[in-house]
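Q: What follows is each chain in one-letter form.
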Amino acid sequence: MNDTFELRGGESHIEVHKFFPGAVVGIAVLSLVLQRILPVYFPRLEILDLPLLATIYFGLSRRNPSTGLLLGTLMGIMQDSLSGPTVPLGEYGIAKTVIGYLASSIGSRLDTEHPLARFALVAAFYVVHQAILTVVRRLLLNEPEGWFNMHLAIASLVNAVLGVVLFTFLDRLRR
Amino acid sequence: MVGMPSRHRSLALLAGVLLAQVLMLALEVKRDSRGRLIRVWSMGAVSPFEKGGAWGFGKVRGVWNHYFALQGTTRQNEELRTENDELKLTISQLQSKAAEADRLAVLLNFRQSHEKVPMVMARVIGASAGTASHTIEIDRGEREGIRRNMAVITPDGVVGKIIESYRNTAQVLLLSDKEGGAGAMLVSSRIQSPVKGTGEPMLSMSYVAAEDTVNAGDKVVTSGMDKIFPRDIPIGTVLDVKQGNPFKQIRVKPAARLDRLEEVIVLLTQEVVTFKNDAEAQTAQPAAGNSATSAAGKPAPEKP
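If you're matching them up, the sequences are chains X and G in order. Just so we're aligned, residue 1 is where the first sequence starts under my numbering, counting upward by one. Just so we're aligned, residue 1001 is where the second sequence starts under my numbering, counting upward by one.
It is worth saying that the hints were derived from the structure and are not from the lab. All values reported here derive from a predicted model rather than from experimental measurement.
Simulated pairs of lysine to aspartate or glutamate, EDC-like, Cα-Cα distance not exceeding 16 angstroms: (1) K1253(G) / D1240(G); (2) K1178(G) / E1200(G); (3) K1178(G) / E145(X); (4) K1253(G) / D1156(G); (5) K1178(G) / E143(X); (6) K1059(G) / E1262(G).
Start from the sequences and build out the full structure, keeping to the hints where you can.
A: Structure follows, in structure tokens:
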């Protein structure tokens, strides 16, 4: 099988990347496990959202909106169920479904390999993800939730920086 | 779906998946069912990796941190570096073990000074998977007799309560979670009011009347009224008090380090238990350091 194949739209064509068998599942599980273990030893790392970074990366790389949104759904539901009974199933699920869809849709239209593009996209997706969470909490769960604060700005930048570094390593898992 | 363009197909799928999740969320909130089956599967899939990861992290961190903490001294002794590094590694491993032994000795001391209180010591192996909740996961579960609504404490004070118990693990809702809380009272005035989590590091004491006197620095302990936490376990210290109407707004700093929990104690009873005070505890248990190793193992839970 070829390492990559191409989506052709007009003049431009964008590569769709394939990964080694088990890479997607392995990275997804690893991101969920690390998301729970790291804050125990390094409380400041609670600011990271590793499942979100994995959802964005595979969305941008595989460029298939259907698989992107399904991966987002799975990651979100797992994150909900691992967050304890106080977080209803679907809270992170809805947010990550939308992000998975958006990432793979954007990935199929733009070249997202450049570090600057990745930085901007991860920061933007982080903000959108939090905005969806806020909407879900306010409208569906009737929980008071602020729209924007400095923590969100810092968290989006930190996650974007980590995303750029992490994506470079994850690129090595491509066939 | 036949004949539908792929773009529309994915949009339809998106709408379907979102609708399904909104319905699931609405059903869960309405029925308060909390989707136990999915959670059990998720925990079952992830907790073995977490246990392994937590063990590995603990080992690596102990060696790694202490090794680099000692690097400054080696710069002054360049010619002895090779020989020193080996010694430092050994020392760092011993320091790590000693620090762990100290923590476990405190727990053991606490346990032995409250022998009649059935309790189980547990290691923290995971935290909440997101910022929406403040929970931790511990490496003890139903097999050790841990059930929902059991109190979780450290020798410093209240940590939270068990919200879900699985076969080998359990989830603890921390006091600082928005849904966390405990029946409490002020030590000095014996005024009772629940203490609630805010989702932030500090707790709030919500129902103290405006005319009551509360000062920063006042100690807050459990009242025992919630039938979860025994009386007189430290919850925290009043940080500041704002006048309000009809209630004061009181912020409480937790006594337990909720952001740095590595070992905790689960009280295997929901009945009110009278704890010994610190002085009694000290005289009852002069030395526990020798038995630190046994605390690291799996202590046999006593039946309530």
